[in-house]
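Q: Below are the chains, spelled out letter by letter.
Protein chains: 2
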Amino acid sequence: MMRIEIICTGDEVLTGKIVNTNFSYISQKLEDVGLSVRWETTVGDDRESLLRALRLAGERADAVIVNGGLGPTVDDLSQEVAAQAARVELVLNDEWLARMEEFFRRRSRVMPPNNRKQAMLPATAEVIDNPIGTACGFALDIGQARFFFTPGVPRELHRMLEAPNNRKQAMLPATAEVIDNPIGTACGFALDIGQARFFFTPGVPRELHRMLEEQIIPRLLAKSGMQTAIVLKRFHSYGLGESHVDALLRGVEELVPDGSVKLGFRAHYPQLETKLTVRGTDTEDTRRKLAPVEREVRKRLGNFILSEDDATLEGVVLAGLASRQGSLSIVETFTSGAIAARLAHLPGADKVFCRAVVARALGEVYAAVGLEGASATGELTRETAEAVARAARRQTHATHALAVLIDLDDGADRIDLGGTICLAIATEHEVASRRSRILGGREWVRLGAVEMGLDCLRRYLQNLPVYERIDFEKA
Amino acid sequence: MMRIEIICTGDEVLTGKIVNTNFSYISQKLEDVGLSVRWETTVGDDRESLLRALRLAGERADAVIVNGGLGPTVDDLSQEVAAQAARVELVLNDEWLARMEEFFRRRSRVMPPNNRKQAMLPATAEVIDNPIGTACGFALDIGQARFFFTPGVPRELHRMLEAPNNRKQAMLPATAEVIDNPIGTACGFALDIGQARFFFTPGVPRELHRMLEEQIIPRLLAKSGMQTAIVLKRFHSYGLGESHVDALLRGVEELVPDGSVKLGFRAHYPQLETKLTVRGTDTEDTRRKLAPVEREVRKRLGNFILSEDDATLEGVVLAGLASRQGSLSIVETFTSGAIAARLAHLPGADKVFCRAVVARALGEVYAAVGLEGASATGELTRETAEAVARAARRQTHATHALAVLIDLDDGADRIDLGGTICLAIATEHEVASRRSRILGGREWVRLGAVEMGLDCLRRYLQNLPVYERIDFEKA
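Keeping their order, the protein sequence lines are chains A and B.
Numbering-wise (the numbering used here), the first sequence opens with residue 126 and increments by one.
Numbering-wise (the numbering used here), the second sequence opens with residue 126 and increments by one.
Treat the hints with care, as some may be off.
Copies of the same chain look alike in the list, so a pair counts if it works inside one copy or between any two.
In silico SDA-like cross-links for lysine to any residue, where the CA-CA straight-line distance does not exceed 25 Å [as the list claims (entries may be wrong)]: (1) Lys142 - Ile355; (2) Lys154 - Ile143; (3) Lys142 - Glu379; (4) Lys142 - Asp434; (5) Lys387 - Arg172; (6) Lys476 - Ala501; (7) Lys142 - Glu332; (8) Lys400 - Thr146; (9) Lys424 - Leu374; (10) Lys142 - Gln396; (11) Lys599 - Asn428; (12) Lys242 - Asp171; (13) Lys142 - Arg185; (14) Lys242 - Glu508; (15) Lys476 - Gly495; (16) Lys142 - His334; (17) Lys476 - Trp569; (18) Lys142 - Arg335; (19) Lys142 - Pro343; (20) Lys142 - Glu419; (21) Lys348 - Thr524; (22) Lys154 - Glu137; (23) Lys242 - Glu332; (24) Lys476 - Asp535; (25) Lys387 - Gly427; (26) Lys599 - Ala444; (27) Lys476 - Glu497; (28) Lys358 - Pro417.
Because the hints were derived from the structure by calculation, they are not lab data.
A quick note: this is a predicted structure, and the numbers were derived from the prediction, not measured.
Chain A extracted, bound-state conformation (with noise of 0.2 Å):
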């Protein structure tokens, strides 16, 4: 098992003014893919920090992966303090400083002084093809000549002998490595510190996140000589709690005999997300180990599952209801305006989405969606949902409406406040409805009556039974 290490580095992440979250990001991410991290450091922008925290990783990992540390400001050490960690000199990498002059005056714009730090790269750093898969450039030293090595592309040549004032003083031997960054100017690099390969990433999560997929993982997978196909299926659902859904898929994994289908769950209340990692020597072969655990899973969870890989249940709805030329119209009260807030603002959402009221108080619900007439009083029912929901149908004319109407229990918040949820989803012809109590204060109220009222509109609209019994209920 290959051991992999992970380094961040910023004073912003070290003393929490920006919660961590690209640590969690790479993690997971190798996690979907075989591989896991086995330790972690945070340093600061402090150089002594910084090369203590190489050399110690370089110590007991065999890939280590850096985080931060790239950006222009003298606070940004990465370069330097690998250099340093390596003990090798730092080389101005000529290909991508032109990249970047080529970023800057895409824009419009000069590059600062400054950012030339960014090309400055340890000299044994490998220079790797970049994404659109052709060779980077180098230069290099033989014998007495100094002999430019440049790519085959041609828009990349010319940028290179473009470059303004022809700084071309980079020396890199054949096995420096660039990580590409198409969009952004922090270069991330690799480079072999101690017994680890070093692999340097800019802090910028979206920048992180495209290096990390297009050209890390498939570096690490190559290194620890895993077959290299891998596939991530993912379940999302509502309603069944980790271990409830763990003892209902027991023994899935075991349909593939050979241990390579792994199982495994992210829960983030109400959602819970149930993973399937797959290994196979290509494509095809996972594909038929997935498949046989695939169709049972979803035997499984039936219809509790919401959604698969990217889809959430938000676009689950909204494409429900675009395929029947349908439209939309939401009443809450207690949940206050975050059902429609997961809808309303998507792509496409304006030709569905109709309307949506909100009150805290029955009366005010009555007066909104005209049943001026009903009394306000009495305890809440599923009836009084229906009522609302077919009423508000009416009034905005939407083929849907779905009218999610919330008792909440009186006094402070604590953690066993709970709330009486009724629900109802009414159309020109009928109307369906469901009454729940969930327990547990009232944020847990809230954001379960939410995904509740999500998940029965997309029950009804996969012609599924609106009411099935959630873990998450109390009798």
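With chain A's structure known, arrange chain B on it following the hints.
A: Just chain B, lined up with the frame of chain A:
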């Protein structure tokens, strides 16, 4: 300067299943009292890694806070590995055992046997007073006799005496230190390993938070020999960027010439937090030092300060309405219910919040507020927003109505996609409005508009101009 390190332990954190907010929380809390973290390490539920991490930190640091690994399962290794690192035995801490049994008894449950593990502590762990300030009990062999030292507070004494089976096998020398956890069963503890003092804390955030603030930070401050009185003053603003506020506040720290006031920022778009940390010999001293700086910050940031310390924008708006027996209706378009969702669920909001209407199409907005005759075509203007706000107020009989209407640029999401925001606030006798344009993509526009809507309402309620140019605005 005291060298402080943090060690986070747990597979859920190391694999990225959980984002490590505990670390940023601890680090920020320490920063707020003038202490700095030098180094952070994350390891999994792995004996060898944890032992290595403890020993390495013990060589580098003066104090170490260890988070996680104190639970009842076999995965939880902190006590055991800490004992190994300190080369001492694990012994049962009887007082904590009693506390746990009490904890379960109060919930009418019997303590499961594996929870007993949570009361096993390294022999040299020092027992610390619990947060209500009484001495914690400990047992000790002196000569041939077993002595039981018990706390003076009756209910704590009783609890120890009543512990079932009178399991008093603990042997804790006078240096053992328990860090009280008033709300959970995981017991924190402190211990020296190498030259550093280690503080072991549970991974459950709310348990960690309470332990950190009430017990660990005071000990760290005492150990650091720093002047003990420290005050943190926070200002929240909307509309000015970090570098702008930094420039506006240049020199405020120097109003107190001895360097005991430190200025810092935390940007979380769309809001910015400006922090003043003041050190002094005592509370009076810090108050005296803070006063002129605080006054100057208020003067320079002026109308842009939306709240101070723990107060939130939505809380200020709600309080402003409640204090004048006011009520509020909201009309939203692209913000999709997110403005209402900030307010309407808060405790007390049911008295103030009247109704919100969300629609993406202007015609639907008109229909919802009873402006059926109005034309829903043509450019969005301040007058449109004014008419909508007036109509919404009339319709719902609220004292105040806020309308935030947005005309979003066409096309796919991109970094320079913008939105034109027309917002209006209507009362019975007047209407105030503004028009602004924000660029930065769909989410940037949406989040900015939510904050602008709430902040303009705050300004209106505080008799400040609803329009003042903000940094996020484009001409």
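Q: The structure should be examined with respect to each hint, and the outcome stated for every one.
A: Checked hints:
When the C-alpha separation of Lys142 and Ile355 is checked against a cutoff of 25 Å, the pair qualifies only between copies, where the shortest distance is 19 Å, while the shortest distance within a copy is 36 Å. With identical chains, the CA atoms of Lys154 and Ile143 are at most 25 Å apart both within one copy (20 Å) and between copies (13 Å). In this homomeric assembly, Lys142 and Glu379 come within 25 Å of each other (Cα to Cα) only across copies, at 24 Å, whereas the closest approach inside a single copy is 45 Å. In this assembly of identical chains, the alpha carbons of Lys142 and Asp434 lie at most 25 Å apart only when taken from different copies (16 Å versus 32 Å within one copy).
In this assembly of identical chains, the alpha carbons of Lys387 and Arg172 lie at most 25 Å apart only when taken from different copies (24 Å versus 41 Å within one copy). For the homomeric pair Lys476 and Ala501, the shortest alpha-carbon distance between copies (16 Å) is at most 25 Å, but the shortest distance inside one copy (33 Å) is not. Taking identical chains as interchangeable, the C-alpha atoms of Lys142 and Glu332 lie at most 25 Å apart whether they share a chain (20 Å) or sit on different chains (21 Å). In the homo-oligomer, the alpha carbons of Lys400 and Thr146 lie at most 25 Å apart both inside one protomer (20 Å) and across protomers (23 Å), since each shortest distance falls under that limit.
Taking the shortest Cα distances, Lys424 and Leu374 sit within 25 Å of each other inside one copy (10 Å), while across copies they are farther apart (62 Å). Proximity of Lys142 to Gln396 under the C-alpha cut-off of 25 Å is restricted to the inter-copy arrangement: shortest distance 14 Å between copies versus 28 Å within a copy. In the homo-oligomer, the alpha carbons of Lys599 and Asn428 lie at most 25 Å apart inside one protomer (20 Å), although the nearest pairing across protomers, at 48 Å, exceeds that limit. Taking the shortest alpha-carbon separations for Lys242 and Asp171, only the intra-copy value of 17 Å comes in at or below 25 Å, while the best inter-copy value is 40 Å.
In this homomeric assembly, Lys142 and Arg185 come within 25 Å of each other (Cα to Cα) only across copies, at 24 Å, whereas the closest approach inside a single copy is 29 Å. Taking CA atoms no more than 25 Å apart as the test, Lys242 paired with Glu508 passes in neither setting, with 68 Å inside one copy and 52 Å between copies. In this assembly of identical chains, the alpha carbons of Lys476 and Gly495 lie at most 25 Å apart whether taken from the same copy (24 Å) or from different copies (22 Å). With identical chains, the CA atoms of Lys142 and His334 are at most 25 Å apart both within one copy (21 Å) and between copies (17 Å).
Taking the closest pair of Cα atoms, Lys476 and Trp569 come within 25 Å of each other only across two copies (22 Å); inside a single copy the shortest separation is 31 Å, beyond that limit. Proximity of Lys142 and Arg335 under a CA criterion of 25 Å is satisfied in both settings, with 24 Å inside one chain copy and 20 Å between copies. For a Cα distance limit of 25 Å, the shortest separation of Lys142 from Pro343 across copies, 22 Å, qualifies, whereas the shortest one inside one copy, 32 Å, does not. With identical chains, the CA atoms of Lys142 and Glu419 are at most 25 Å apart between copies only, with a shortest distance of 22 Å across copies and 41 Å within one.
For the homomeric pair Lys348 and Thr524, neither the shortest alpha-carbon distance inside one copy (55 Å) nor that between copies (67 Å) is at most 25 Å. In this assembly of identical chains, the alpha carbons of Lys154 and Glu137 lie at most 25 Å apart whether taken from the same copy (23 Å) or from different copies (14 Å). For a Cα distance limit of 25 Å, the shortest separation of Lys242 from Glu332 inside one copy, 18 Å, qualifies, whereas the shortest one across copies, 45 Å, does not. Taking the shortest alpha-carbon separations for Lys476 and Asp535, only the inter-copy value of 14 Å comes in at or below 25 Å, while the best intra-copy value is 39 Å.
Within a single copy, Lys387 and Gly427 get their C-alpha atoms as close as 20 Å, which meets the 25 Å cut-off; across copies the closest is 57 Å, which misses it. Taking the shortest Cα distances, Lys599 and Ala444 never come within 25 Å of each other, neither inside one copy (32 Å) nor across copies (34 Å). In this homomeric assembly, Lys476 and Glu497 come within 25 Å of each other (Cα to Cα) only across copies, at 20 Å, whereas the closest approach inside a single copy is 29 Å. In the homo-oligomer, the alpha carbons of Lys358 and Pro417 lie at most 25 Å apart inside one protomer (12 Å), although the nearest pairing across protomers, at 59 Å, exceeds that limit.
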